[in-house]
Each structure stands twice: as C-alpha cells, then as structure tokens.
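Participant: Now for the letters of each chain:
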Amino acid sequence: MHPLLKLVVQRLVLGLLLLLAVSVVIFLGVEMLPGDTAQAILGQSATPVALANLRAQMGLDQPPWVRYFTWLAHALQGDLGKALTNNKDIAHAIGQRLGNTLFLAVCAAVIAVPLAIGLGLIAARHHGRWPDKLISGVTLAMISLPEFVAAYFVIFLLTQVVHVFQPVSMVFPGMGFFAQLKAVALPMIVLVMVVLAHMMRMTRAAILNVMQSAYIETAELKGLSPMQVIWRHALPNAIAPIISVVVINLAYLVVGVVVVEVVFSYNALGQYLVDHVAKRDLPVVQAVGIIFAAVYIGLNILADLIGIIANPRLRHPK
Amino acid sequence: MRIPVSALLGMSITTIFVLIAIFAPWIAPYPIESAVGKVWENPSTTYWLGTDTIGRDILSRLLYGAQVTIFVALVSSLLAFSMGAFFGFLAATRGGWIDMVLSRAVDLMMAVPSLIVALVVLSVLPLNLTVLILVMGILDSTRVFRLSRAVAVDIAVMDYVEAARLRGEKQGWIIFREILPNALSPLVAEFGLRFIFAVLFISTLSFLGLGIQPPLSDWGGMVRENKDGLVYGKAAALMPALAIAVLAISVNLVADWVLQRTSSLKGGRGA
Chain A
70 MHPLLKLVVQ RLVLGLLLLL AVSVVIFLGV EMLPGDTAQA ILGQSATPVA LANLRAQMGL
130 DQPPWVRYFT WLAHALQGDL GKALTNNKDI AHAIGQRLGN TLFLAVCAAV IAVPLAIGLG
190 LIAARHHGRW PDKLISGVTL AMISLPEFVA AYFVIFLLTQ VVHVFQPVSM VFPGMGFFAQ
250 LKAVALPMIV LVMVVLAHMM RMTRAAILNV MQSAYIETAE LKGLSPMQVI WRHALPNAIA
310 PIISVVVINL AYLVVGVVVV EVVFSYNALG QYLVDHVAKR DLPVVQAVGI IFAAVYIGLN
370 ILADLIGIIA NPRLRHPK
Chain B
534 MRIPVSALLG MSITTIFVLI AIFAPWIAPY PIESAVGKVW ENPSTTYWLG TDTIGRDILS
594 RLLYGAQVTI FVALVSSLLA FSMGAFFGFL AATRGGWIDM VLSRAVDLMM AVPSLIVALV
654 VLSVLPLNLT VLILVMGILD STRVFRLSRA VAVDIAVMDY VEAARLRGEK QGWIIFREIL
714 PNALSPLVAE FGLRFIFAVL FISTLSFLGL GIQPPLSDWG GMVRENKDGL VYGKAAALMP
774 ALAIAVLAIS VNLVADWVLQ RTSSLKGGRG A
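Chains as they are written, first to last, in my numbering: chain A, 70 to 387; chain B, 534 to 804.
Keep in mind the hints are simulated off the structure, nothing from the lab.
Computed from a prediction, not measured in an experiment: that's the story for all the values here.
Don't take every hint at face value.
[As the list claims (entries may be wrong)] To give a feel for the contact side, a few chain B residues facing chain A, derived at Cβ under 8 Å:
1) Val654
2) Leu655
3) Leu726
4) Ile729
5) Leu743
6) Ala770
[What the hints assert, rightly or not] Listed next, the in silico SDA-like pairs over lysine to any residue satisfying Cα-Cα at most 20 Å (straight line):
7) A:Lys202 / B:Glu574
8) A:Lys202 / B:Leu792
9) A:Lys348 / A:Ser334
10) A:Lys202 / A:Ala274
11) A:Lys348 / B:Pro747
12) A:Lys348 / B:Leu660
[What the hints assert, rightly or not] What follows is a set of in silico ranges between Cβ atoms, one per label pair, in the way DEER data are often shown:
13) A:His71 / B:Trp706: 49 to 59 Å
14) A:Lys348 / B:Phe709: 42 to 52 Å
15) B:Leu541 / A:Lys348: 42 to 52 Å
16) A:Leu203 / B:Gly705: 46 to 56 Å
17) B:Gly628 / A:Ile378: 45 to 55 Å
18) B:Ile631 / A:Ile378: 28 to 38 Å
19) B:Met544 / A:Ile191: 24 to 34 Å
20) B:Ser636 / A:Val175: 33 to 43 Å
C-beta atoms are modelled at their ideal positions from N, C-alpha and C, and glycine is treated no differently.
From just these sequences and the hints, can you work out the full model?
Facilitator: Right under this line is the structure:
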C-alpha cells in the first residue's frame, strides 16, 4: 500500500476509535455521576415503586455496559431514542435542526476564511508596523470576548444605533435562499468575528514562521523581489500550516455556534442542546453532544491529514 | 526592568476589579436584590448605570456580580492549575504507564470542546457553586497538564534533577523543590490565560442559564436577565458585557507581557 494512503487510513481509524471512546465517556461517564434520570422525571416526591417501574420501563435497571451497547447499536442504525421531556423522536428533531446549524456555520466560514487569510497576509507583510499592530490589537481584543458579549455589542450597534437588522433570526421551512440569508446575517457576522480573530492570528504566526527560515533569506539575498519571495518560496511552504489553521478554527465554530444560536433564538442544534440541558433531558443531550464531538473530531483529523499530505517530509517518510 | 504601558494598564485595571470585588458591600449604593427604581430607567445621577428589568440598580448588581465572577473564576483556575501542574509534573518525572494513562486521558478530554463536555455533565449534576467550580477546574486542568508536562520533561533531564535523584530525594521533593521553581515563569503566564478562560467560561454558562443560579448573580447572568431590553434600545445588558470584556482584556495584556518576558528569558525563541 502507498505509505500516504496507509497514513490516511491510520488517522481515520484513530479518529473513529477516538469518537467511540468519547461516546463511552459521554454515556458511561455521565452514568457514574450522582443523579438519577427516573428521579428527575418523577420529581422528589415519587414513591419507590413508581421509581422502580419507570426504571424497568426505561431499561435503567440494566447494567450500564448493556445499556451502552444497546444505545450504540440503535444509534448506528439512526435511532437515537426518544426525548424524556416530550417523548418525540430525537433523530427526527435533530434532522430538522441540523440543516439550520450547517447553513449558519457554512455561511460564516465562507466569509471568515478568505478574510482571515487576507488580513493575516497583510499583518505578516507589514510585520511590526502599524497595519500589523492595528490588526493584532483588534483581534486580541476580540479573542478576549466571549461569543455572547460580542453578539450583544453587534446587536446593539446594528439594530439600535444603526437600524439595519432585526434582532431575532427566524428561519422556517419554505423560506427562499436570500430571505434565509438575510435572516441569518446578524448571527453570521458575530460568528465571523469570533472565528476570524483566532484564524487571522494563527495565519499570521504561520507565515511569519516561514518568513524566518533560511531559504527565505537565501531567496532575498539572491535578489528576488519581495513579491516573488512570497509567491514562489513562502506561500508553498506556508500553505500547509495555513490550511490546518483554517480547519482547526472551523472546529471552534462548533462552540461558537451553540452560544450564538441561543443569543439569536435561532432554531437549530445548539439551541436544542442548551434547552434540553436545562430540562435535564439526558438522551437528547448525549445524542447532540456526540454529534458536536464528531464534527469537532472530524475537523481536527481533517486538519491533521491536510498537514500530512501537504508536507513532503511526512508524505515520504524515511 | 521596564514594564510596558499596556501591561501597566492591564495590571491597574485588574487590581481595581479585584478591589471592587472585595469591597462591593461597602461601595455599592443600593442593596443587590431590592427594586429601588422604576423598570428600565436610563442612567441618571441617582442610578449611575440605570435600572434593570425589574428596577434594580445596575451599578450595585455589577459590583456584587464582580464578587461572584472573580471568585468562581479564581478558585476554578487555581484548582485547574494545581491539579494540572501536579499531574503534569508527575507524568513527566515518573514516565512509564502513569504518563501513558494520564496523557491519553487528557487527550480524550481535549478531543471534545470543553463547553460541550460541560453541558453534558451539567445536565446531570445539580447546579451549584461547588459543582461549577469542580467541573470548570477539572476541564481546564487538561491544558495546564499539557503545558506543565512539556515544561517538566525538559527540566527532568537536567543534571541537578539527576543529582537530587542520586541523593535519594523522594518524588515530592523532586516535583516541588527541583522542578516547580524552574517551571514557574511559563506557568505564571499560563495562569493568567486560564483565569481569563475561566471568566469567559463561567460567564458563558451563566448566560446560557446553566451557571450561577439566582439569588446569586454574576455578569453572564446579568446579560441574560437584561437581554430583552436591547430590543427597546435599553443598554442595561451591555454594562455587564462591557465589564467582562474589560476584565478579560486587561488580564490578557498582563499575561501577554509575562509570556513575552519568559520567552525572551529562554533566548527569545518566541511563543
């Protein structure tokens, strides 16, 4: 087998194992914590008989590993069980909301990625001078803000000071693409801000790192113009770290999206998760938690793979 | 040693915040829980920052909120720090299966964003201060573990550590007397970053309604209480948001400076 293909397969298997381990932790780890689902449903005044009945009905009297494997087997077939609070099918509820979350995240990514790389290039090009200091200062401040704080500043600015947008994002089935786009504009701006700062800072660091290498100095000394140095020598070497920076930061979106959806009451996966944490609806929380974990792990492995593929030294291991 | 203006500014603002947190009961003009004015009053000489959704004085609540936010963040980052550093040093000095088990466990915890793990865990556990501090502390200790293990691995192969081992010193001595003093400066900078992270984390949890529960209230919770006012142009929710931002940025400025200092101590290799 080609060594590269072998590496890729290895990483993928590793990622699947990691996801499996995470699912064990999310399922069994939560089981070990004090707290009782049956008690949570029936309340403090429940009789012991009622508790025992409910436990038997929900299968809670089985040993944890039996329940884990039952749950895993069902989950692999797309059956995530029913929500405790309203007895509705979880997979169906997730299916309705996943699209909304992806729409928001993809829109944010499409804007944030080119902007971050562009700004990172500008900052690295003018390293230590005012454009760099300005961009770095602003992004440092943005990193220091939690997502919801950034969100409220943006809301206040764009709905109260300048009346451009509506403060609530409603999307519903049957809405046109552009109407949908307008509805998510505000949460999108916030998400872009949140990801942009990290992505831009890491892009800048990646380029500066390459610019300090000996071959860049050689290229400069043999009289190439600055543009040629960047284009022919710096960029090919910086592209791998930049792509992995981008992908790693897309994984940040997973966390950002949860908070931003709550801020804008945007009916999607993050909002669904937070609602059901408050309602103590464990099956829903576990299912959505694992989906977010899977996306996060998947993106990290993708970043890893791109790093390997783009790096000749790893591509042809000795 | 010259301290840059930005670090000085960060230090003084952080100090002011800590003093506010300590002396909140004496400087707050109104009690925290009583509705003293009308609903959503604009800032005036009586209510410097206006009143909130049920007529409580925002400035007073902000001052008391500083207590909760800073206390929770400080205790949880101290916990994260002592746990992370201890296990990190232990893994680095003992190596072998202890290192293996601890490192893999940390890898596993870091494979999922902390907010998601916290949400899953908090859907089962009761929401009170102790639980919040423990959850945040443990989740955050993973990052400290990685850093302190990496730093300690470098130190553990030094001659003076070897000498201590040959002298027959115990594990505790090697960790606390040989490695800790030499690993302190990168860890101090990390402490600042962990503290900010804890402030942002507890604020986010409270904002989502899953952090500090009433009657206590922190800045994140205050944003949540007052967010509806924004639609009517009432800026009440922005005050606690601003407080979080200013605290986070000023601690960041200090940590940034310490970080630069420590990296230049090591021969300017950069962060």
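Participant: Evaluate each hint against the coordinates.
Facilitator: So, going through the hints one by one against the coordinates:
no.: 1; hint: Val654; result: holds, 7 Å
no.: 2; hint: Leu655; result: holds, 6 Å
no.: 3; hint: Leu726; result: violated, 10 Å
no.: 4; hint: Ile729; result: holds, 7 Å
no.: 5; hint: Leu743; result: holds, 6 Å
no.: 6; hint: Ala770; result: holds, 6 Å
no.: 7; hint: A:Lys202 / B:Glu574; result: violated, 40 Å
no.: 8; hint: A:Lys202 / B:Leu792; result: holds, 18 Å
no.: 9; hint: A:Lys348 / A:Ser334; result: holds, 17 Å
no.: 10; hint: A:Lys202 / A:Ala274; result: holds, 14 Å
no.: 11; hint: A:Lys348 / B:Pro747; result: holds, 17 Å
no.: 12; hint: A:Lys348 / B:Leu660; result: holds, 12 Å
no.: 13; hint: A:His71 / B:Trp706: 49 to 59 Å; result: holds, 52 Å
no.: 14; hint: A:Lys348 / B:Phe709: 42 to 52 Å; result: holds, 46 Å
no.: 15; hint: B:Leu541 / A:Lys348: 42 to 52 Å; result: holds, 48 Å
no.: 16; hint: A:Leu203 / B:Gly705: 46 to 56 Å; result: holds, 49 Å
no.: 17; hint: B:Gly628 / A:Ile378: 45 to 55 Å; result: violated, 33 Å
no.: 18; hint: B:Ile631 / A:Ile378: 28 to 38 Å; result: holds, 35 Å
no.: 19; hint: B:Met544 / A:Ile191: 24 to 34 Å; result: holds, 31 Å
no.: 20; hint: B:Ser636 / A:Val175: 33 to 43 Å; result: holds, 35 Å
Violation of the numbered hints given earlier is confined to hints 3, 7 and 17; the remaining hints are satisfied by the structure.
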